[in-house]
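**Q** One letter stands for each residue in the lines below.
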Amino acid sequence: MAVELDVFVGNTTIMDEEVYQLWLDGYTVNDAVKVRMEGGVMEECEASADVLLSDTMDQYRTFQMCERLLHSPSKLANQLLFQIPPNRQAMLIERYYAFDDAFVREVLGKKLSKGTKKDLDDIGAKTGVTLKSCRRQFDNFKRVFKVVEELKGPLVENIPPIMRLLLISGIMLPLFFFANHRFETGKRKLQYLTFQDFAFCAGQLISNWTVGAVDNMVEDMDVDLDKEFLQELKELKVLITDKDLLDQHKSLVCTALRGKTKAFNEMEANFKNLSRGLVNIAAKLTNTKDVRDFFIDLVEKFIEPCRSDRWTAADMRLYLTHYNNSAHILDTFKHQAVWDRYMVVIKSCIFKMYHD
Amino acid sequence: MPGKLKVKIVAGRHLPVMDRASDLTDAFVEVKFGNTTFKTDVFPKSLNPQWNSEWFKFEVDDEDLQDEPLQVTVLDHDTYSANDAIGKVYIDIDPLLCSEAASVISGWFPIYDTIHGIRGEINVLVKVELFNDLNRFRQSSCGVKFFCTTSIPRCYRAAMVHGFVEELVVNEDPEYQWIDRIRSPRASNEARQRLISLMSGELQRKIGLKVLEMGGNAVVGYLQCFDLEGESGLVVRAIGTACTLDKLSSGSAPNTNTHMHPNTAPASNACNSPSKDGKEPVFGEDLTSSSGPPTPFRALPTTSSSPPPFSPSKPCSRQSSSSDTDLSLTPKTGMGSGGSVGKEAGPLKTLLRQQTQTALEQREFPFFTLTSFPPGFLLHVGGVVSARSVKLLDRIHNPALGNTRSYKLLDWNSVTADEPETRDAWWEEIRQEIKSHAKALGCHGVVGYSESTSICEEVCILSASGTAAILNPRYMREGCLDIGITDHRFEEPSPPSCGFCHIPYDELNMPFPAQLTYCYHCRRQKVPDVLFTTINLPQEAAVTGKGCLIQARLCRLKKKAQGEVNATAISNLLPFMEYELHTQLMNKLKLRSMNALFGLHIQISVGENMLLGLASATGVYLTALPAPGGIQIAGKTPGDLSNEHHILTIQKRINDTIAKNKELYQINPPKLFALDPEVFCGINMELTEEVVGSPIPEPRQRSRLFRSHSESSDELSELDLSHGKKDAFVLEIDDTDAVEDIHSLLTDAPTPTGFYSCNTEIMPGIYSWTSGVQMFTSVRVFRLSNANLTNQGLNKIFTDLCENLLKSFYFKLRSMIPCCLCQLNFAVAVPEEELIQVAVTAVAMTFDKDQAQEKPADKSTTKGGSETEEQLQFPMELCADASSANTQPSSKISGVPESTNVSSRAASVDYGSFADRCSTWLELLRLKAHTIRRGSVKTSRRTQSLAHSVSSLEHCSPLPEGRSRSLRSNRSFRGSPVTVVKMTPLSFLPGTRIIKYLGIINMFFIRETTSLREEGGVSGFLHTFIAEVFAMVRAHVAALGGNAVVSYSMKECMLMENPNKNQAQCLINVSGDAVICVRETDQEPNPSMANIGQTCASGTDGAT
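These protein sequences, in sequence, are chains A and B. Note that numbering that gives the first Met the number 0 has the first sequence beginning at 0, numbered continuously upward. Note that numbering that gives the first Met the number 0 has the second sequence beginning at 0, numbered continuously upward.
The hints are simulated quantities; they were obtained by calculation from the structure and are not laboratory data. Glycine included, each C-beta is placed from N, C-alpha and C at the ideal position. Keep in mind that a hint or two might mislead.
Said to hold, decoys possible - Covered by chain B, per the in silico footprint, the following chain A stretches (three or more residues, Cβ under 8 Å):
hint	region
1	2-11
2	45-53
3	62-76
What the hints assert, rightly or not - Here are the simulated lysine-lysine pairs, DSSO-like style, with alpha carbons at most 30 Å apart:
hint	chain 1	residue 1	chain 2	residue 2
4	A	74	B	44
5	B	44	A	141
6	A	236	A	259
7	B	795	A	33
8	B	126	B	7
9	A	242	A	333
10	A	74	B	126
11	B	38	A	74
Take the sequences, apply the hints, and build the full model.
**A** This is how it looks when you write it as structure tokens:
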């Protein structure tokens, strides 16, 4: 005795967001039923396990039928098979193209090629994301990248609205940016950083150091860094090569900091080292290879020394603010604009990357 | 040459890849009508071809226009081999033939292939130019409108109801032709689809001709069915009600059905002819006294003595004597009514009755497929009449069977199965029987009439059922066109709220044993203790509390047999099944403390080794009928202590359940009328006590008491005291069967809080529908693994199957709470020996949780008193609002919930909160759009949006409240050119007004697969198919310019599977009326519901 067939079809397609998420996360029907039972839906409507199973199966079937449409989101809007209200459609797409941070963190900076796909198992094992979900996310990457790469002309203008939504959703753009510059993110020293940290930094870089950042009229979503700016960064070297300037800078900063922090002694002692580190990073950025090492450099040259001296995040803030501001008071230092453009990013990146 | 059909193929999209090499398709289109075919050019290498063809013109007879579908085939051009078909679209052009329906068909149609399903879409434009043809002998019936709706369609007025029309056509089933052995499954499926399309076109045309003959212009309640009789052929039959409909000007809306106050009605109706005005009162009067002996029904005319007295239908089986009995009864009834006339009212009544009868009796079958009527149409309801007949389908070229004795169920004499006459004769026979049953109930008409079949191998059960009734003759009379609203309707003797309950038959000559009492509402005429009907609850009926779905389910095993033996076995089983179903219904009704069933539908399906019976109905407590007695358990063997104890426990459980149900359904009849007649006339003291004890505000109550007292006082002498005693329904436990029965009685799970369910159009007791609508179809197939099943075991399985289905609906639709499942239509079948299939189509509708939120204070008082919420609140509200109380017509019976006043207030509250939600949603949308814009400009601001990206993702995701979708969100989302088409099995959409009927939708699809596993098994296969059928229905409606389908139903869902061969095939037939509806914007009362006012206010609430 068994239910041989069991379907439920609504004129408006019924989709439960919770079940959709379970499906996206790669749960099997039975696991999903378990999760739902623990979630307490049963009490909500006096349902039994059978009812839950039947409902879950129905929904899974619906999602599977929908998946084909989700692969080309524009189709979803004008297909006739499912009557789905527009806001539900948006939800379906957003969730379908959403990424697990843990997963993205692993993929970050890697070349999106066939090779990685074989590694999906490893990523899955490492991050706890189910293989099915990894596969979906990976395929989504490729799908979106394909669209983005095939587009000519101003990216933002030509990109299909749904893709645009994804780009803005904060995941695709950093990914694209990281893949483009092949930033090093996989080193052991960088492991402690989450995807959110990187995404934030990418945002900072994009909005301050790229060509479009200066000229608002440039509509091209060009993720290349502003070459001129990178050249100009070399001029900052004066801050460390000119001994007078360096001492002056140090004394200005120390005056401002004195008495305000417990870590003052360490700050004073380390000032020259730290300043040298930051300015050297700036000076090397014309080199593509060094751009790749941007994050590892930040960690090695600045964050690690500070951390070993047990600076608090507040110390860090205080120090960097005064470090930045004091440079303006140096009368012989002419490159204020470049300095600010550089430091804005450096400051916010370090703030983000400095975990207590 | 009376018609020119013009077709233009515009474009295609989402076509499948047909050429693997290029991943593209070279598509072209063939357009075929009749024997003429046109082709478009090939549009090479595209999945989104733009053909933009010229206008293809077909010059055809209008007869063909009615019969033939337009056939659009999309193909992939192949230079070297045969062109591959991608799929087809059949377009029924009938809607274009009627001036009042659609004028053009234009839109995207899914391209359908019977093997692959939907494969892309095609944009087609179709127009028809009709030339007038006044030929008297024409064979076409263009212009006759068809409606599936079983009531007078809104925006029309019934000028005249002509009566029953029926027709059937027969053909060979292509699936069983010899050629099927050599052609592909696709070709065979397409041949079948085309044939059925042709046959239904032909059928509609023929019915149309009959309607024209009768002088009508429309068919309402059109019900078309297919009988796939296998080798003996394919029958397409249809029944309907011919009417003359007048279109109401859009301004005046549907007055016809509007429920108006007696006082206001006359004023609004200035257009009555004076002559009528003079005449009406006379009729009114005589009706008063005469329409006396109407009754409900409870059991059927027990014409043939063999079945138990309760059997509501007469399983017609063999004895030809049965119909004789009926006939002999008829005269008696006639005399009986004559007698009552003499006693009660004199000659006027006779006159009326005669008139009515002649009007109806001229017709062969005074049947009406309608289930809802304009007020005043239905005078009295007798009860359910039904007839069944078991027939052997004679095989073609197989006359060997013909030598048995002349047995009524076998029509040996008729020649081949291909002759429609045979089938006609079968139905004719059944209809005659129904007619005679109705006569026995003292009724001259049958309403809510329907016919169905169940076929297994060569055995076929034909069933027909309806509700015997006495109708207002004015609707039938020629020349009397102005019956839409009659001013005098409400002055008729029997108040509309109870008149239909009064017995139509003669008290002294009751066709079946029933206990009559004086109407608890008007106290003037007799009513039965229980009333069963197949119609919807009349709007004007007075109801106490809410209704609920009541189902009786039954399985009976039978031996496998062949031919005549099998047929005999089945016809022997039928009466017992009917009896048991009836008993179950009765018990469940009492258990819910209700006294009437509406929308009763009994389905008996035959399988090879079992019979399935499913009776569904909506139970209600009619205020006019006496309160039902309880259920008493009695043991046959007294003395056995343990047994007695057992009985006591059961009795207690039953009593508890009854009490619980009373509370659940808010059944609390007004105290006065619930009193036993003895008490009523006996002790006045008690009355006063009652008043004091009653939580209803005193003054009002007193006046009410007083009035009704005086009203009924003159009749007190006539009260039949012997009926006063409420009888308890006694169930005897004498064997395990009975114990099982009682258990099954008690195991029906109650609906979860927030849910109601019914199988009628709307739920009695709920009036404040909001616009959330979700139509759904669900199918379950259960495989019985064990061959050694008992009847009991089977019953349990079947009951569980139905109950579980309901439970899963409640679960799935929990987001719509509070909501009501309406028009729950169960269809059972036994597709194979060990399979039980249940298919359900229904609609879930949201409603306002009425006054509860608005007046929490009231609620608490309610709890204090034992009165139900509703009952308490109405009077209180009225009192609080003095002016409204004053305007209450004095004749109003205050026991009837007077919802109009209250609901508008309640609604406003809900609306407010809704508006809030809505605006936040809109704001979010705007916000989102803003973010997007920002994204496109590369300023430092983008940093921000990036930084917030993650959180905004969460925020932006659509609100969980499914109901807070506004139409505007439609627009803000890029490119959703797909029109939203709502579907409902009801004749209306809450919160909207139908402004135009675009024509009937009647579609038949076959889907087959040879890769069942790959498509997700049978479930996956059927899921896809049903979704595809919905999509095609929606596309057709949208192409006609409509935005909704009303009266939608799935007539057939026949699934055949062979998992071993990885194959399955399914046939689905759906129908409905395509309409354009607009949101209610004015305060016009909605025809179906007294108080739609607030629904329109929450117009933005556009959950589809």
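**Q** Each hint needs a verdict: does it hold in this structure or not?
**A** Evaluation of the provided hints:
Counting residues of the region 2-11 of chain A whose beta carbon lies closer than 8 Å to any beta carbon of chain B gives 10, which reaches the threshold of three, so the coverage claim holds. Remark: the region 45-53 of chain A is confirmed as covered by chain B, as 7 of its residues place a Cβ nearer than 8 Å to a Cβ of that chain, reaching the required three. Here the region 62-76 of chain A counts 5 residues with a CB under 8 Å from a CB of chain B, which clears the bar of 3, and the coverage holds. The hinted pair formed by residue 74/A and residue 44/B meets the criterion: a straight-line CA distance of about 19 Å does not exceed 30 Å.
Restraint check: the Cα-Cα separation between residue 44/B and residue 141/A comes to about 25 Å, which is no more than 30 Å; the hinted pair holds. Taking the CA atoms of residue 236/A and residue 259/A, the gap is about 29 Å. The hint holds against a cut of 30 Å. Only pairs whose Cα atoms come within 30 Å are accepted, and residue 795/B paired with residue 33/A is accepted, the gap being roughly 28 Å. Using a Cα cut-off of 30 Å, the hinted pair residue 126/B and residue 7/B holds, with the two alpha carbons roughly 9 Å apart.
The suggested pairing of residue 242/A with residue 333/A holds, with an alpha-carbon distance near 16 Å, which does not exceed 30 Å. About 29 Å separates the Cα atoms of residue 74/A and residue 126/B, which keeps this hinted pair within 30 Å; it holds. With a C-alpha separation of about 28 Å, the suggested pair residue 38/B and residue 74/A falls inside the 30 Å cut-off, and the hint holds.
Hint violations for this structure: none, all hints satisfied.
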